[in-house]
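Q: Those protein sequences? They're chains C and G, same order as listed. Following my numbering, the numbering of the first sequence begins with 1 at its first residue and continues without gaps. Following my numbering, the numbering of the second sequence begins with 1 at its first residue and continues without gaps.
Treat the hints with caution; some may be incorrect.
As the list claims (entries may be wrong) - Here are the computed lysine to any residue pairs in the SDA-like style, where the Cα-Cα straight-line distance is at most 25 angstroms: (1) Lys-84/C - Tyr-175/G; (2) Lys-67/C - Gly-34/G; (3) Lys-168/G - Ala-272/C; (4) Lys-168/G - Ala-258/C; (5) Lys-168/G - Val-134/C; (6) Lys-168/G - Phe-317/C; (7) Lys-172/G - Val-134/C; (8) Lys-172/G - Asn-43/G; (9) Lys-257/C - Pro-174/G; (10) Lys-168/G - Tyr-266/C; (11) Lys-84/C - Ala-65/C; (12) Lys-315/C - Tyr-114/G; (13) Lys-67/C - Ala-25/G; (14) Lys-315/C - Phe-265/C; (15) Lys-257/C - Tyr-114/G; (16) Lys-111/G - Glu-135/C; (17) Lys-168/G - Gly-181/C.
Unchecked claim - These stretches of chain G come out as covered by chain C in the derived footprint (C-beta under 8 angstroms, 3 or more residues): (18) 28–38; (19) 112–120; (20) 168–177.
In short, the hints are calculated from the structure, not lab data. From the three backbone atoms N, C-alpha and C, an ideal C-beta is built for every residue, glycine too.
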Amino acid sequence: MLIRRAPRFTASEITDPTLYLSRRELISGAAAALVLAPGLGSAAAPALQPLTATRNAAFNLNESATKVEAATTYNNFYEFGVNKDDPSRLGHTLRPRPWAVQVDGCVQKSKTFDIDELTRLFPLEERVYSLRCVEAWSMVIPWIGFPLASLLKRVEPTGQAKFVEFTTLLDPNQFPAQKPGFFGFSSLDWPYVEGLRLDEAMHPLTLLTVGMYGKVLPNQNGAPVRVVVPWKYGFKSAKSIVRIRLVGEQPKTAWEKAAPSEYGFYSNVNPAVSHPRWSQADERRLGEFRRRPTLPFNGYADQVASLYSGMDLKKNF
Amino acid sequence: MTRPARVALKVFVWGACLAPLALLAYRAWNDDLGANPISFITNTLGDWTLRILLTSLAMTPLRIVFGLSWPITLRRLLGLFAFVYVCLHFAVWSVLDFFFDWPRMWADILKRPYITMGMLALVSLIPLAATSTTGMIRRLGARNWNRLHRLAYFAAVCAVLHYLWLAKVGVKDPYWYAAALVMLLGVRVWEWGRRVTRRRRGRAVPASPPVGSRAENPLS
Chain C
1 MLIRRAPRFT ASEITDPTLY LSRRELISGA AAALVLAPGL GSAAAPALQP
51 LTATRNAAFN LNESATKVEA ATTYNNFYEF GVNKDDPSRL GHTLRPRPWA
101 VQVDGCVQKS KTFDIDELTR LFPLEERVYS LRCVEAWSMV IPWIGFPLAS
151 LLKRVEPTGQ AKFVEFTTLL DPNQFPAQKP GFFGFSSLDW PYVEGLRLDE
201 AMHPLTLLTV GMYGKVLPNQ NGAPVRVVVP WKYGFKSAKS IVRIRLVGEQ
251 PKTAWEKAAP SEYGFYSNVN PAVSHPRWSQ ADERRLGEFR RRPTLPFNGY
301 ADQVASLYSG MDLKKNF
Chain G
1 MTRPARVALK VFVWGACLAP LALLAYRAWN DDLGANPISF ITNTLGDWTL
51 RILLTSLAMT PLRIVFGLSW PITLRRLLGL FAFVYVCLHF AVWSVLDFFF
101 DWPRMWADIL KRPYITMGML ALVSLIPLAA TSTTGMIRRL GARNWNRLHR
151 LAYFAAVCAV LHYLWLAKVG VKDPYWYAAA LVMLLGVRVW EWGRRVTRRR
201 RGRAVPASPP VGSRAENPLS
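Start from the sequences and build out the full structure, keeping to the hints where you can.
A: What follows is the structure in structure tokens.
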């Protein structure tokens, strides 16, 4: 085929190479600035401070850790919303510093700790625990922290202390879902309160946690300080704690108040006791295809089963 | 309604009903299904089953309330798409989630009320899909066919209960679906009440076309 027509544009209309080259410089320069500027994009994902800790071989689950992307984007943290991606999407509103943790109640030496003071109080250890959610999925997470027992001993519990109550920060400006919604509708009765029996809180497995995956805790995982109780369903491990109170009576926990028939005070991982609506016999470990059987006390039975000897675990679920 | 308009409408419905599946496939291809892909796929398919099922039940109320007859022509297509989605939802649950562990699934169907409701919804949609062809309508007769297809209300109630009973504290979506269903069924109850009172007064009811008429026939 013969092309008869002359081009419809003139040479002068073609962009001068110096012009478009400078455009390219501008664009690549802007891209470099985006990559290099540490402050940019911090609203969505602040750079987390690395945290040095010694791996404690005695508490090292011999399984590969869940991908950090999964552990930081698939979260139940109702203060940000009920959906799994709400905490990572909305987590930037939480300000984990400055932060104070009040430790009081039935103790000789009640004290309010600054978070940085608390972090330096005891040597930090890294422990790889499995985390079993009451919704029948699980993860393997390398946590960083120290035994809660160390802190509790420091404040010297009195003879009246029988339970430990954890309270999460109450601040609707930092936790959007604490604002009442339609018709004053709220998912839980804020603040979030959790509790342990004193001997559970003093157990060497119970970890006061300030980091994970070698860095400080991301907001969506309960920054700046949370507790991790690996033989219980995940919701027992209170996040973003502002108060640890030793008390004589069993605390009324947030989930017990919301649905007492579904979430008991003990909530030990137990494949033999179903959630009223679904089975707890098996679980999906994130990243795996097939379900795997759930183990009694989430695999920590040899260490914690003795805490409950003589108790009917079906009744005390 | 003109033929091109009818065709355009059907094409639109096909596109709208296939779009969620296409998006799911696209996200799967890009490894963008989140940390718990099986749960994400199951929930997405369940959501769209409910949405499409409730949309199919909105066609008659559109006629009752606004006097529009063309939505009725979309009812069968929407119903069949709801059936496709519920089958995929079930397939993902039985294959990906429980990997053919039939004894375990059967135990859950009997023991877990939300799963019982889900299965009831699925099972009650099977005869509706099976009798959706023109031939089946003719064979059953419009009267029997209409009676049988009231099962769609039962399926929708089961499906909404399925979601209400599985959702955890604080999840509001199932309540929106329940509210929508109450409205859609409420319109029908209101229309039925209106007909009964008119009949008692001995008047004809011009608004409701006879069974099997063009407006009532799903194929018209």
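Q: Compare the structure with the hints numbered earlier in the document and write down the numbers of the violated ones, lowest to highest.
A: No hint contradicted; all consistent.
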